[in-house]
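> Please construct the entire structure, taking both the sequences and the accompanying hints into account.
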Amino acid sequence: MNNKSMKDRRLQVFEILRGAAAITLALAVATVFIFLCSDEPFTALKYLLIGPIVKDNGGFNTSSFYTILAAMIPTIFTGLATCVMFSAGQFNLASEGCVMAGGFVGALCGIYIHMNTGLHAVVCVVIAAALCGLIMLVPAILKVKLGASEMVMSLMMNYIIMYVVLHFLNNTFADRSKGSTQTYPFDETAKIPSLVPGGSKLTWGFVVALVFVVIVALFMYRTKWGYTIRMIGINKAFSEYSGMNVGGVIVLSQIIGGVLAGMGGSIEVLGRFNTFLWKELPGYGWAGVTIAILAKNNPIFVPFAAFFIAYLNKGCMLMSTHSDVPSEMIDIIQAAIFLFFAAEQFLAGYRQKLVVRSAQADLAKTETAEGGKA
Amino acid sequence: MPQSEYVVQMKGINKVYPNGIAANRGVDFNVRRGEIHALMGENGAGKSTLMKMLFGLEQPTSGEIIVNGETVNLTSPTVAISKGIGMVHQHFMLVPSLTVAENIVLGMAPKKGGLFMDMESAVKLTEEYAEKYNLHVDPKAKVMDIPVGMKQKVEILKALVRGAKILILDEPTAVLTTQETAELFRELINLKEQGYTIIFISHKLNEIKQITDRLTIMRAGKSMGVYETASITKEEISRLMVGRDVILTVEKEKAQPTDTVLSVKDLEYTNEWNKKMLDKVSFSVRKGEILGIAGVEGNGQRELVDMLFNLNRPDAGSVKVNGKDIVGVSQRNIRSLGVSLIPEDRMTYGIAATASIEENLISDRVGAKRFNKGPLFDMKAIHKECDDLIRDFKVLCKSGQQKVGMLSGGNIQKVVVAREFSCDPVLIIADQPTRGIDVGATEFIRKKLVELSRAGAAVLLVSADLNEVMELSDSLIVMCGGKIAAYFEDTAMLTDEIMGEYMLGLKRQSDEEIGRVCHE
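Taken in order, these protein sequences are the chains called A and B.
My numbering numbers the first residue of the first sequence as 23 and each following residue consecutively.
My numbering numbers the first residue of the second sequence as 815 and each following residue consecutively.
It is worth saying that the hints were derived from the structure and are not from the lab.
Be a bit skeptical, because a hint or two may be false.
[Unchecked claim] With a straight-line cut-off of 25 Å between C-alpha atoms, the simulated DSS-like cross-links for lysine-lysine are:
{"#": "1", "chain 1": "B", "residue 1": "K825", "chain 2": "B", "residue 2": "K866"}
{"#": "2", "chain 1": "B", "residue 1": "K1217", "chain 2": "A", "residue 2": "K246"}
{"#": "3", "chain 1": "B", "residue 1": "K1134", "chain 2": "B", "residue 2": "K1212"}
{"#": "4", "chain 1": "B", "residue 1": "K1217", "chain 2": "A", "residue 2": "K318"}
{"#": "5", "chain 1": "B", "residue 1": "K1194", "chain 2": "A", "residue 2": "K246"}
{"#": "6", "chain 1": "A", "residue 1": "K246", "chain 2": "B", "residue 2": "K1023"}
{"#": "7", "chain 1": "B", "residue 1": "K938", "chain 2": "B", "residue 2": "K965"}
{"#": "8", "chain 1": "A", "residue 1": "K246", "chain 2": "B", "residue 2": "K1198"}
{"#": "9", "chain 1": "B", "residue 1": "K946", "chain 2": "B", "residue 2": "K897"}
{"#": "10", "chain 1": "B", "residue 1": "K1023", "chain 2": "B", "residue 2": "K1089"}
{"#": "11", "chain 1": "B", "residue 1": "K866", "chain 2": "A", "residue 2": "K258"}
{"#": "12", "chain 1": "B", "residue 1": "K1138", "chain 2": "B", "residue 2": "K1089"}
{"#": "13", "chain 1": "B", "residue 1": "K1006", "chain 2": "B", "residue 2": "K866"}
{"#": "14", "chain 1": "A", "residue 1": "K246", "chain 2": "B", "residue 2": "K1090"}
Computed from a predicted structure; not experimentally measured.
Below, the structure is given as structure tokens:
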């Protein structure tokens, strides 16, 4: 047993080092770019790396830190959603669209349903989440029944969802008294309250997000459904042969993904704004994919990955405000990180393939050795 | 015999795969110029490995390859082709959406203006070669539209156009109809007359007798000798191919079979290449007995097992377990009837390689009450059952949390067997249960199979290993060409010779004799 825990720990350390190496390499690449395109590279680097949490006078920047945590709320949800779907081998990218749909429906419930404080917000989020779960039935069922690629379906659906939302926003629910396109403000009762005093955007949604990290982690690693999702992702033929309900669980994984993304969208809108005003896809779904990959589909790592992305976003923003490095830099840095992580994943996949191939060669060739020994 | 007579000489070839499997052991293989030379042996005898080395797909661990009197180092197929060696694979390597001519000139296409492919000269080249070698193809047809026989001709032309003088044909007739086979043979003889050398991999005795000049027989990675085709009988070939070096004995009490558990009736299946893989197969397995299915691989055993676990659907016929039809029934329901399967392809069906041993052990029983406390797993119960299984089935591992893919082949199979044997099965289907695994694990699995059958399970054992199937089975059927060729109620009196004759299709019992395997 001692031996086992030691081995596990060594493996974990190895994994963490691998991730750290990817991030370090990515930041090194970013540094090279900053030195290439900036006249004041050290200022730029300072704002990128420590700017988000350190004030100019050297103190800890609490409000900036809260902003970073607040930015994690929707991406934790989309990250979790993506973890669940990717674990089942379902490369469904519709959490992007579900965030928008969830936000919109959540806001509408906040406007047109009237309830008590506390209950109202919960009802808004639940309705939004349920609707997004239903939306995910489309790619899921088409996948199971017709074998249509869920990736293509979900990607295309994002735009369908966006334009449907915009259609209703523009033509049915718009507040004509406002200069820009937005809905009427939702009831105060639907608003998700702030977690810290002082008008911060860090709401109770953050706590809910962390609770869901635990719930999803338990679901994935401590229930038969999560187990089945993971086994299907690893080997579908094996799962079928073992008697698992493969089709049903593939659908289930995507419904869960939709529910989580819808929660993220509605909590974000009800926490951050007074009205629904997104006019394009907010991008949290894409961030969720990055986060799931950084977290290696393990829900427990999602908050860390989400923090990293939020921190980096904030740093890049500061860097572009305070130095001459353009904010597009963040795209390059993110791309670099993505690349290094993907490359690392690719290597892991390759290693696995080698193992399988040698084992198959083993299968095909060893009757020879067998016959000889017998 | 003067050296120059040989166009290919392979001397003392050893091939050990990285995982320690010796596929070839000291094989000598010589081919004369202008002959059709058969390379024979059961699947896994090492003939494909040997030919892969001659075509540069694999490199020998030790040994020498001499082509046209010159020692060569065949590091890739490109090198092999430059030495005049061409190979026609069993599974065609053609681009279906391109035309015949395009496929033939692929990678060496004549260019027009240095940029665009010159279709006309490609077609002309194809027609020229087709005429010259009497291999008639339609150069402008798309490969996906042409019949299998023509695809094979395209493959042969591909090799010839690239300057091959030595052609390796890997089981060329496996996918062909009788007429196509006859046509292929005419073409091969034509090629031989034009001075080409042909190496013909097969285990079909009739074909070998029909067109080859000499033959080399391989068994268990070794060469069993070279023979003039005319001077060896089919019976001798079959004995050399399938005989046993050492006879294994398993101690077991006499079976006391009772009720029929599995009953298969008139199962028929034609595969996607329109080949009849199962032809009116009927048999039954009773409680307390081990029924073996022997046969050279590819004679319908795999298809049969697939039908028994709904991994494929038969065209006609029924499969009943304790009276319940299981054709088209989900694996979950088949399992709930008490059927368990040790799959032949353990890496695809048997395990999820990157999951832990524990996760692999519980895959068929995650829903069980004892493992679930409310919505959550009872991890203690799972650990306990898995640790017990690991101990009982002697799986060598550090802990149940280890990834199953990191284990050796034998231990992976023990994990599969531990799961399949521990679910109180009434019927165990064991498909090549000990293939490719070490002696210790093999013995262990065989013992367990006997134990379970004596405790009242019905066991269907499918194995290409004669030793295994003859010693473990209480009674035995032989499959050949998708049919049951023989049924032996008692395996004690059987000899390798008798088995070989039925396995290779030299003999077949009468329908009455075979019919005795159905107990009702």
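> A separate judgement is required for each hint: does it hold in the structure or not?
Status of the hints after comparison with the structure:
Simply put, K825(B) and K866(B) have alpha-carbon atoms about 15 Å apart, close enough for the 25 Å limit, and the pair holds. Using a Cα cut-off of 25 Å, the hinted pair K1217(B) and K246(A) holds, with the two alpha carbons roughly 19 Å apart. Between the alpha carbons of K1134(B) and K1212(B) the distance comes to roughly 41 Å, so the proposed pair goes past 25 Å and is violated. Of the pairs offered as hints, the one joining K1217(B) and K318(A) holds, with about 17 Å between alpha carbons and a cut-off of 25 Å not exceeded.
About 15 Å separates the Cα atoms of K1194(B) and K246(A), which keeps this hinted pair within 25 Å; it holds. This hinted pair does not check out: K246(A) and K1023(B) have alpha carbons roughly 58 Å apart, beyond 25 Å. Between the alpha carbons of K938(B) and K965(B) the distance comes to roughly 18 Å, so the proposed pair stays at or under 25 Å and holds. At roughly 17 Å between alpha-carbon atoms, K246(A) and K1198(B) fall within 25 Å of each other, so this suggested pair holds.
Note on K946(B) and K897(B): the hinted pairing holds, with a Cα-Cα distance of about 22 Å set against a maximum of 25 Å. In summary, the hint linking K1023(B) to K1089(B) is supported, as the alpha carbons are separated by about 23 Å, within the 25 Å threshold. With a C-alpha separation of about 31 Å, the suggested pair K866(B) and K258(A) falls outside the 25 Å cut-off, and the hint is violated. Between K1138(B) and K1089(B), the direct Cα distance comes to roughly 29 Å. Violation of the 25 Å bound is thereby established for this hinted pair.
With a C-alpha separation of about 22 Å, the suggested pair K1006(B) and K866(B) falls inside the 25 Å cut-off, and the hint holds. Only pairs whose Cα atoms come within 25 Å are accepted, and K246(A) paired with K1090(B) is rejected, the gap being roughly 41 Å.
In summary, the structure is inconsistent with hints 3, 6, 11, 12, 14 from the numbered list given earlier, while agreeing with the others.
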